[in-house]
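Trainee: Sequence:
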Amino acid sequence: MQAKLFRTMKFENSIAQKTKEAIYTLYNVTIETSVLTIQRTKKEFEGDFTLVTFSLTRFIKKSPDILAEELGNWLVNNVDSIDRYNVIKGFLNLNLKFQVWNDFFNSDLAGSNYGLNASPSEKPYIVEFSSPNTNKPLHLGHIRNNLLGASVSQILKAVGKNVIRVNLVNDRGIHICKSMLAWQTWGNNETPQSSGLKGDHLVGKYYVLFEQKYRPQVNELIAAGNSEEDAAKMAPLMIEAQDMLHKWEAKDDAVVELWRMMNSWVYEGFDITYRQLGIEFEKTYHESETYLLGKVMVEEGLRDAAFFQKEDGSVWADLTAAGLDEKLLMRANGTSVYITQDLGTAQARYDSFLPEKLIYVVGNEQIYHFDVLKSLLNKLGRSWAADIFHLSYGMVELPQGKMKSREGTVVDADDLLQEMYNVAKDTTEALGKTDTFSPDEADKLYWMLALGALKFFMLKVDPKKSMLFNPQDSIDFNGHTGPFIQYTHARIQSLQRKAKDTIGDWSTDANIEKTGISETELSLIKTLYEFPAVLSLSADNYSPALIANYVYELCKEYNRFYQEVPVLKAEDKNDIYFRLKLSGYVGKTVKKSMALLGIEVPDKM
0 MQAKLFRTMK FENSIAQKTK EAIYTLYNVT IETSVLTIQR TKKEFEGDFT LVTFSLTRFI
60 KKSPDILAEE LGNWLVNNVD SIDRYNVIKG FLNLNLKFQV WNDFFNSDLA GSNYGLNASP
120 SEKPYIVEFS SPNTNKPLHL GHIRNNLLGA SVSQILKAVG KNVIRVNLVN DRGIHICKSM
180 LAWQTWGNNE TPQSSGLKGD HLVGKYYVLF EQKYRPQVNE LIAAGNSEED AAKMAPLMIE
240 AQDMLHKWEA KDDAVVELWR MMNSWVYEGF DITYRQLGIE FEKTYHESET YLLGKVMVEE
300 GLRDAAFFQK EDGSVWADLT AAGLDEKLLM RANGTSVYIT QDLGTAQARY DSFLPEKLIY
360 VVGNEQIYHF DVLKSLLNKL GRSWAADIFH LSYGMVELPQ GKMKSREGTV VDADDLLQEM
420 YNVAKDTTEA LGKTDTFSPD EADKLYWMLA LGALKFFMLK VDPKKSMLFN PQDSIDFNGH
480 TGPFIQYTHA RIQSLQRKAK DTIGDWSTDA NIEKTGISET ELSLIKTLYE FPAVLSLSAD
540 NYSPALIANY VYELCKEYNR FYQEVPVLKA EDKNDIYFRL KLSGYVGKTV KKSMALLGIE
600 VPDKM
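First residue of the sequence shown: 0, per numbering that gives the first Met the number 0; consecutive thereafter.
Heads up, none of these hints are tricks.
Derived SDA-like pairs: lysine to any residue, alpha-carbon spacing no greater than 25 Å straight-line:
id, residue 1, residue 2
1, Lys525, Asp539
2, Lys378, Asp324
3, Lys587, Asn105
4, Lys41, Ile516
5, Lys432, Asn477
Restraint-style ranges between C-beta atoms, simulated for each label pair:
id, residue 1, residue 2, range
6, Ser465, Ala429, 26 to 36 Å
7, Arg559, Lys497, 17 to 27 Å
8, Ser493, Arg214, 53 to 63 Å
In case anyone wonders, no lab produced these hints; they're calculated from the structure. Built from N, CA and C at the ideal position, the CB exists for glycine as well.
Kindly produce the complete structure, drawing on both the sequences and the hints.
Mentor: This is how it looks when you write it as structure tokens:
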């Protein structure tokens with residue numbers, strides 16, 4: 000745990016304040032608690048919390064071991080909550096008294112909002128994710144983007160941030176015109192209704208068809224002695240697509256009408272996929288609108304000498320002073336480039352929301368692009384450029400290798416979701432987990448497991464890392480998977496139902512006083528205690544992986560408890576109530592944690 004986080008945690012904060020007092024009493028030295036490092040004791044050592052004394056030697060000229068011994072002795076003799084201590088090479092390990100943990104169990108854990116901040120900040124965090132192109136359906140890479148953006152948004156909300164989820168639809172440009180031209184040339188007026196295809200799949204089909212027709216033209220020009228770069232520009236289909244783009248920017252009625260029709264098909268398709276994934280946005284921007292704002296900003300920069308114009312009329316920015324290159328902002332023919340609309344979009348969001356942070360969830364291949372964006376905004380005098388954060392993430396690959404949209408080898412999101420459903424259904428039925436379910440109940444569970452498996456597998460990996468996704472590996476009721484966690488939650492709910500049937504109603508609100516507690520029970524309580532710190536750290540690092548791996552460890556800990564400690568068969572009724580209540584707290588924390596990942600958990604399996 001990072002040192003700064005202990006101030007948000009009950010016991011670490013108390014230990015920090017008492018350590019500050021001890022240092023002043025023993026050595027007449029005043030320190031700030033921010034210099035202290037307090038963390039959970041590693042499992043291989045005895046203790047609840049560890050104070051690292053090495054950083055204190057610059058204030059107190061003693062060895063870390065002697066410092067730890069003297070501080071430990073003072074804390075045990077002067078702090079009621081501390082039971083004992085031990086020192087290992089300058090690390091002071093402290094054990095809290097059992098009553099401290101019991102009070103925590105009966106008070107803090109009892110609240111339904113334990114670990115959450117219900118008071119949102121005023122200035123919003125803008126989180127942009129998804130950002131699809133309207134020339135193809137959402138694919139596997141989009142899934143990681145959407146799940147990461149949605150989960151980060153939920154995590155930020157949970158720590159009290161006012162979050163606005165936004166989507167930027169890339170609905171203009173040469174890639175869109177490729178699909179339009181292919182449909183116009185070979186489509187025979189095919190529609191989603193006449194073809195039976197989702198609108199985004201139909202448009203994507205024509206994007207692939209364009210490439211299939213275009214590539215032979217390029218190869219023929221290369222064979223005639225042209226360079227590959229020249230051939231790509233000279234191919235008749237590319238010239239036609241560029242001409243269509245010029246007509247679109249000139250608002251040619253026929254081209255604009257075709258663009259609107261095909262985009263509407265894509266939006267209907269996207270909406271179906273978004274609903275299936277549980278993705279929502281507060282606002283959607285369209286590049287076809289924001290690029291005009293960007294053009295105005297480029298003209299402003301040119302007027303103020305922040306940018307410069309070349310002889311051919313193109314507009315550029317010299318970013319070499321920032322360690323970057325010269326960047327094209329406007330082509331010689333007056334058409335905009337990708338960075339142009341990003342300038343306009345950023346300005347529009349700032350003007351609308353005055354945000355505290357502008358977070359872009361975009362793959363790590365765009366790191367340079369966002370460095371350029373911030374540098375351009377700085378040149379334009381936008382001080383809020385410092386508030387832009389690029390949440391970059393690694394690519395997703397399948398066992399068979401990388402995907403290529405142009406060649407039609409991408410894995411469509413819809414196809415993957417259906418495959419996940421099929422795997423979840425086959426696996427669950429093979430284990431007999433739905434033998435007593437109605438068809439509707441079973442179908443709902445299969446989708447819950449399919450989405451849980453997909454989302455957990457995607458989110459348990461640190462965002463910065465690339466990953467290999469295998470649907471079969473993601474659905475394992477005994478592995479590091481979403482279904483394992485979902486099954487643990489169902490087990491807890493089953494236990495609660497069984498308790499009601501066997502011992503009747505019992506008060507979940509009453510304090511339960513225990514005279515003793517097993518190591519397994521105490522370990523589970525300590526793991527529950529960590530939830531707020533993990534959540535805070537996850538928000539600070541924009542990393543759902545920390546939550547995913549925490550809830551997995553919590554479920555592993557609970558299953559150990561379930562196997563080792565009798566619950567309903569305990570001899571002492573007080574033990575039964577305590578363990579049922581502890582199980583209930585685990586269930587609530589599992590449900591909260593999984594909700595932060597966008598995952599539902601079943602009550603029955």
